[in-house]
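Heads up: the protein sequence lines correspond to chains H and F, in order. Position 400 of the first sequence, counting from 1, maps to 400 under the numbering used here, and the rest follow consecutively. Remember, the numbering used here sits 1000 above the position in the second sequence when you count from 1.
Don't read these hints as lab results, they were simulated from the structure. Here the structure is a predicted model, which means the values were calculated and not measured. Quick reminder that beta carbons are idealized off the backbone N, C-alpha and C, glycines included. It cannot be assumed that every hint is accurate.
[What the hints assert, rightly or not] Facing chain F, from chain H, some residues (calculated, C-beta under 7 Å):
1. Lys636
2. Thr640
3. Leu651
4. Trp794
5. Arg795
6. Ala802
7. Thr804
[What the hints assert, rightly or not] One side of the interface only, derived from the structure: several residues of chain F facing chain H at Cβ under 7 Å:
8. Leu1161
9. Leu1167
10. Ser1169
11. Gly1212
12. Val1217
13. Ile1219
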Amino acid sequence: MTSITRDDVDRWFAGNGWQVFDFQAAVWDACQEGQSGLLHSPTGSGKTLAAWLGPLMRLGHEADSALRVLWITPLRALANDTAKNLQQAIDALGSPWQVGLRTGDTSTSERARQKKQPPQVLITTPESLSLLLSYADAAKTFRRLDAVIVDEWHELLGNKRGVQLELCLARLRSLRPSLVTWGLSATLANLEQAAQVLCPPPLEPVLIRGESPKAVDVLSIMPETLEQFPWSGRLGIGLLEPVIEQIEQARSTLVFTNTRSQSELWFEALLGARPDWIGRIALHHGSIDRKLRQRIEQGLRDGDLLAVVCTSSLDLGVDFAPVDQVMQIGSPKGVARLMQRAGRSGHQPDAVSRILCVPTYALELIEIAAARSAWQARQIEARVALRLCLDVLSQHLVTIALGSGFTADAMLDEVRQTYASGKLFETHWGWWIDFITRGGQALAGYPQFQRVVETNGVYRMTDRRLSRQHRMSVGTITSDTAMRVKWMTGGTLGTIEESFVSRLKTGDRFLFAGRLVALVQIRDMTAYVKRAKPGKKTVPRWQGGRMPLSNELSHSMLALLQSFRCGDPMPDELALLAPLLNYQQQVSCLPSETLLLIERCKSREGHSIFVFPFAGRLAHEGLATLIAYRISREIKITFTLSVNDYGFELLSREALEFDESTFRRWSDPDNLLDDLFAAINVGEAAKRQFRDIARIAGLVFSGYPGSGKSTRQIQASSGLIFDVLTRYDDQNLLLDQSRREVLDAQMETRRMQDAMSRIATLPIRIVTTERLSPFAFPLWAERLQSQIMSSETWRERVAKMADTLNRRAAAS
Amino acid sequence: MSGALEVCIADEALLLLPERAIFWPARGALLIADWHIGKAAVFGRRGLAIPEGDLQHDMQRLDRLLSIYAAEELIVLGDLMHAPPLATDHWPQGLANWLAKHAQLSFSVVAGNHDRISAEQLPAALAGRIDWYPADRRVGAIVLAHEPEPLADSYVLAGHLHPTLRLTSGVDRVRSPVFWFRQDYAVLPAFGSFTGGHNIRPGRGDRVFMTGPDSVVEITPR
Chain H
1 MTSITRDDVD
11 RWFAGNGWQV
21 FDFQAAVWDA
31 CQEGQSGLLH
41 SPTGSGKTLA
51 AWLGPLMRLG
61 HEADSALRVL
71 WITPLRALAN
81 DTAKNLQQAI
91 DALGSPWQVG
101 LRTGDTSTSE
111 RARQKKQPPQ
121 VLITTPESLS
131 LLLSYADAAK
141 TFRRLDAVIV
151 DEWHELLGNK
161 RGVQLELCLA
171 RLRSLRPSLV
181 TWGLSATLAN
191 LEQAAQVLCP
201 PPLEPVLIRG
211 ESPKAVDVLS
221 IMPETLEQFP
231 WSGRLGIGLL
241 EPVIEQIEQA
251 RSTLVFTNTR
261 SQSELWFEAL
271 LGARPDWIGR
281 IALHHGSIDR
291 KLRQRIEQGL
301 RDGDLLAVVC
311 TSSLDLGVDF
321 APVDQVMQIG
331 SPKGVARLMQ
341 RAGRSGHQPD
351 AVSRILCVPT
361 YALELIEIAA
371 ARSAWQARQI
381 EARVALRLCL
391 DVLSQHLVTI
401 ALGSGFTADA
411 MLDEVRQTYA
421 SGKLFETHWG
431 WWIDFITRGG
441 QALAGYPQFQ
451 RVVETNGVYR
461 MTDRRLSRQH
471 RMSVGTITSD
481 TAMRVKWMTG
491 GTLGTIEESF
501 VSRLKTGDRF
511 LFAGRLVALV
521 QIRDMTAYVK
531 RAKPGKKTVP
541 RWQGGRMPLS
551 NELSHSMLAL
561 LQSFRCGDPM
571 PDELALLAPL
581 LNYQQQVSCL
591 PSETLLLIER
601 CKSREGHSIF
611 VFPFAGRLAH
621 EGLATLIAYR
631 ISREIKITFT
641 LSVNDYGFEL
651 LSREALEFDE
661 STFRRWSDPD
671 NLLDDLFAAI
681 NVGEAAKRQF
691 RDIARIAGLV
701 FSGYPGSGKS
711 TRQIQASSGL
721 IFDVLTRYDD
731 QNLLLDQSRR
741 EVLDAQMETR
751 RMQDAMSRIA
761 TLPIRIVTTE
771 RLSPFAFPLW
781 AERLQSQIMS
791 SETWRERVAK
801 MADTLNRRAA
811 AS
Chain F
1001 MSGALEVCIA
1011 DEALLLLPER
1021 AIFWPARGAL
1031 LIADWHIGKA
1041 AVFGRRGLAI
1051 PEGDLQHDMQ
1061 RLDRLLSIYA
1071 AEELIVLGDL
1081 MHAPPLATDH
1091 WPQGLANWLA
1101 KHAQLSFSVV
1111 AGNHDRISAE
1121 QLPAALAGRI
1131 DWYPADRRVG
1141 AIVLAHEPEP
1151 LADSYVLAGH
1161 LHPTLRLTSG
1171 VDRVRSPVFW
1181 FRQDYAVLPA
1191 FGSFTGGHNI
1201 RPGRGDRVFM
1211 TGPDSVVEIT
1221 PR
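My request is simple: use the sequences and hints to build the entire structure.
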């Protein structure tokens, strides 16, 4: 056929009554010139066609059977819908192309068919792309590849999946130097960087801005009086009634929660209050069986569902047209996230996106108001790309050794093209080659860690068993060992973290996938359950849900508190909170951007110091650890540390004497990293982090599917492995990485550093309170998840605890 | 040695050591349980990377104890090994070399559930060097066993459970291996460096001794 022209596209658009947006034309033009780039817009429509029609217009008339365009999606659940959209354009424009899917769900027969007759377009995930590169015919597969389109790039940027994709793209560019790369992204503060990471030099990516943002209304569902509203809590079920009213008034509602357990509880509460909604509302989260989730998504699309309670599992994806209302239960956590969720409603052109926020406790009302004002000022979060993920690099090297093989110098040049590994040192490189060929220093004795073999300068993986294991381990998504949850009578409900199940006894009841079930038995990594009668129950605690309040939101909160103090006009949320904020001012003072508030309070448990830097829970964890460590260096003391998004608490048995200058010494930003390193070595954090790293780097094989208990035991022992490695191979770069990741990711050292530099310039206000203040109270309530920092000897601590134990026994 | 703690059981004085071992002065015997030698190798075969330095480390710990207490006998209360050795495993030779260094030491094992071999099936390097007791071994009024089961007329010393205890108070918490002394039997903590643990719930009348970096502390609720 003749090539597809802009006129063809215009005719197709006109025929559907669509208009070509300027940004779409801009992307098409850039693509025509062989340029790469990033297209970003805060919400939905038109991005897919903008990216897709570029390559289609350029190449869509060439009918030969070879892969020409790769479409990368972060979510395999999106693949089917994307395929439909792409195929629709192909058919409308008369191209002979075929769209293929390649994800973890693709059948072996389909894969074989793709090999025999490659589709021109392949939709895949970063993990499946990596797998494609692990086959010996990778060079042949991609020999005519012209373009890669990365959908929802912001979801990959900033995590290890993104790093894996960077490395894969570098490989593809080695095979096809003229490759064109386009990314689609939501709005970020660091779009330049997002583009640079996706299209590193020598590419010069163009940045194109999508349609201007739809108007977004951020509203709060507020309690009638503040008195009924708790000072702390995570559930917010007190606002059930107004939430039900709102759901009734809309055609279809998405109810977003921050954690899976919260979604379970809300779903149960909604059904408890409205039994007639059975079948009309549904629950959707990542642990629920995929088939069930797909049915729910179809129900949303068809407009059959009144409401779906969900987690980030529905943050992404194709729009559900009937959804006309979105709710957010609990803290919005970030401006971009809240806006993304808001964008899931109101898809009629020019409609206003509305998000109704449901606070779970009093102070969260400020967060909601803060999110609104930050959005109005367009203060949106950045996603910072990761550097030097040596575990991902290790996996990638083995993948390529398994695929086409590599020579050391060429491979080093190739990986250095990526942003993540751009600063890789020669010495590290040598360590890695040693690690994958010999197992490194500590593992040299084991044949199974001689994974890659060098012959005439070419590194390859040849062992069949190891190859199989490696292919099964490709990917960087890690989680606690998942256990299947099944009915005794057959049928799967979903998966659940093994650490939760292991704490249950037979007969224990828990909420799962919206049902109350009782544990019958655990066999072969499967928890068998039956329906349970109502009664005492627990809710699974899934991992995750520890996302910190963003910097932008914290600043916006402090700014609001500041204007409250100055008596400026207030949004409704703060007007309602006024009595509580006034009380805070009366017993202490309001946290603000112009001073650091420290409260001291004595309670039955001991002496508390509450500090409110407003740097997000992760940075607070770091700050609390650091300050506790510095104090414990000066005197013998044991602390319990608690953190939340507003501040942290140091609780000790003995009263601690300090004043402003003492505290300045403790919070001095100098030597931050050294001290933190020393403090963390005392703690357990690095050990926890190591588990994922070991899996990604191929140090641990997480087992064949259904291989059962032995694998579980191996996973549980990762702490011991860490100890052993620390003892015999402390120079192991993976240990080093786990420590670094604890600092960067788990404690957000950058925010810590910023907070400490800020504190150094602020006046410090130390207030002693009789009782817990409204800001201290949630921290006190958070204490269940606390950790310990101590400079007392083990013997002293145990003796004191035994003493407490005995006093408690004597009292009872 | 400081840090150790003395208890009296069935008219025998026993010294509980922070190294998770018992010294029995009257018999000049050092008692340990659940060494689990070769666990790293077993994990290694399943694709898990663990350096094999632990056996060396554990032997050094024993060297120290044997010399401090001048013990004449070393008794393992079961689970000497994590799994029967394969021909390719290095540890039987390593253990044999270590035993050769302690030529005067009598070394006996009460077989545990992980020691799934008989005396005859011991690797050649160790054959004849280990007094292998397939079941409980009586020594005066005390019975040495692997699994803690009460016996009618004796006090039992056993292992098997890898007991640990979790302590908490308002501001602090800690979890460590313990010696768990009950009415009819006592359970030793696991000796091996590469072993896990199970939290116990002591009952009334139990005595619990927690092992720490350099001392043993009694945590018995009064």
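Violations among the numbered hints
1 and 8
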